[in-house]
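*Asks:* The lines below spell out each chain.
There are 2 protein chains.
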Amino acid sequence: MTLAASILAGDRLALARLLTLIENDSDAGRAALDELFAHTGRAHIIGVTGAPGTGKSSLVNRLALHFRAGQKRVAITAVDPSSPFTGGAVLGDRVRMRDLAGDPGVFIRSMASRGSLGGLARATAAVAQVFDAAGFDVVLIETVGAGQAEVDIARLAHTTLVVEAPGLGDDIQAIKAGILEIADVLVVNKADRPGADQTEKALRSALELAHPVPHVFRHHGVDLQVQAPGPAAPAPLWIPPIHRTVATAGGGIAELADSIDRHAAHLRQGGDWAVRDRNRLEAEFDSLIQAKLVRQFRNRVPDSQYNEIIHNLSERRISPWQAVEQLLGREE
Amino acid sequence: MTLAASILAGDRLALARLLTLIENDSDAGRAALDELFAHTGRAHIIGVTGAPGTGKSSLVNRLALHFRAGQKRVAITAVDPSSPFTGGAVLGDRVRMRDLAGDPGVFIRSMASRGSLGGLARATAAVAQVFDAAGFDVVLIETVGAGQAEVDIARLAHTTLVVEAPGLGDDIQAIKAGILEIADVLVVNKADRPGADQTEKALRSALELAHPVPHVFRHHGVDLQVQAPGPAAPAPLWIPPIHRTVATAGGGIAELADSIDRHAAHLRQGGDWAVRDRNRLEAEFDSLIQAKLVRQFRNRVPDSQYNEIIHNLSERRISPWQAVEQLLGREE
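Protein sequences, first through last, are from chains S and B.
Position 130 (the first sequence) corresponds to 295 in the numbering used here; numbering is contiguous.
Position 96 (the second sequence) corresponds to 261 in the numbering used here; numbering is contiguous.
Certain hints may be false.
Which copy? The list can't say, so a pair holds if one copy fits it or any two copies do.
As the list claims (entries may be wrong) - Here are the simulated SDA-like pairs of lysine to any residue, each with C-alpha atoms no more than 25 angstroms apart in a straight line:
(1) Lys366 to Ser452
(2) Lys457 to Gln491
(3) Lys457 to Gly494
(4) Lys237 to Leu493
(5) Lys457 to Ser469
(6) Lys457 to Gln487
(7) Lys237 to Ala448
(8) Lys237 to Pro401
(9) Lys457 to Leu493
(10) Lys457 to Asn472
(11) Lys457 to Arg482
(12) Lys457 to Asp468
(13) Lys457 to Gln236
(14) Lys237 to Gly270
(15) Lys457 to Glu473
(16) Lys366 to Glu188
(17) Lys457 to Arg495
Calculated directly from the structure, the hints in this document are not laboratory data.
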């Protein structure tokens, strides 16, 4: 029985082994991925991103428990690009495992960046595919931080949650500007803390700037979406709802999960599910192509020539661009 | 007079124009960069990184004022990879400008990510080179966040400052693990807030784990570096000092700046200055090669073929890896 076949048959040890092979970028892992790929495309991939200190891990934990209560099989992968050298977010695993450990409908895997960011994104895409093929209904991808890297990884998802929390300082405001445009659902976690009102208000203002067309009214905690009057609107717009949660105590989780489900239904209804799936595969393909082009190039250029170029750069004899043209020509 | 010549002659408008050309990745910008490259290699490049809310911007501002008082010319570039869509950290500029505006020995430029992370890192490298060639003695590169992207950009620097602050939540702990290994100088900013002692203590413990060989003693706020006994130690080790600052009020800035200067002297003395310079150029060269390989590939493959591949991926007829092999062959 191949590794892939064992995974399709529900073997958790085989699953764990493949994830390790993928993290190590091995040929055996690649072969199993090829075999599993035809079985992908069913899971709901949910990205959860936000700055440090927002309580993402607790939130992901609670969401997993909620989905489990609904008999869904849930896989979690926590991506930690901030530990490039130490490798492995073992502590994260242990903390998270407490409530979910022993449940055969849950699988948790932390990933630490071993090499480049591109490598991490590729590995995350592969891990999500394996979970998808293995029959998990929901795949939660948690990313620490809120930089471009996290944005790129969040793009893997069908549904992207952006998590904020009160009182994290002034820089937060700047981060929201970019991240809001990838958010499908916004969460003010730690909503029992002082400042939750201001955080929600700031998010709402930013949201109205980012989605200027429809008017969003808020009434007793429920978002009412009202289309602006205009020529016959085609597909209904998705206005990212804002949820307040207290993940450590489970507050607001059911409502949040409901929004996530509604977003999936919205994507399927309007055809955007297929669009996001295609975009994800295209991004993965581009990333793999890029990595292979670089490997082929490095195998083609002798070390002595490469080192001479770097030496000439250090001596300021040629510029980086001139060095590139020497090797790859002027034309694009 | 070429654009590069104008910049070498001290023309600030020409400098601003070139930075825009670089951000737009234009051919004219590339030509000017080639011309300026021979004039680079003198500036002290200082990276300042840390999580949102640590007060990096104020710290960078204060450091700039301090270096100015010492008659050094200072350039600042704030890299904001978290705003991938909105473009331009204009507000940041305005806030920052208050104390430094009108000083001809200061130049400030914010950069927002327009495209890929690789693109941003390449643009940041180019901007630092332009400042270097234009005769700035110090180039401060500020990065928002503390993910792998920020680590990569911080690697551009001769000296990397990692900034922490008290009370930013539990995730901070996890981030420090990886980031500590690139830190040359550690800063506990907002040190007048409750929890500064714990933050410093946590940093010190983590630091001792990351640099296990020598013993670090702290005495009246001064780090005494004591080599562990052993066979004749070659170059003196650099143990990252930990500084407490209150950037908004200027507290601790002089001592911090002194550590930064000592680090530069340490690098020059041990030959590591040249090593870091070389590593930086190698990283830039690799990134440019990669970008060009991808462009050449996309110009070689007809859109129809590319789209067919993506379609086959969406239909799960071939896996991403199989698609790559179809296009680029099996062998590396």
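*Asks:* Find the hints from earlier in the document that the structure breaks and name them by number, from lowest to highest.
*Replies:* The structure breaks hints 1, 4, 7, 8, 13 and 16; every other hint is satisfied.
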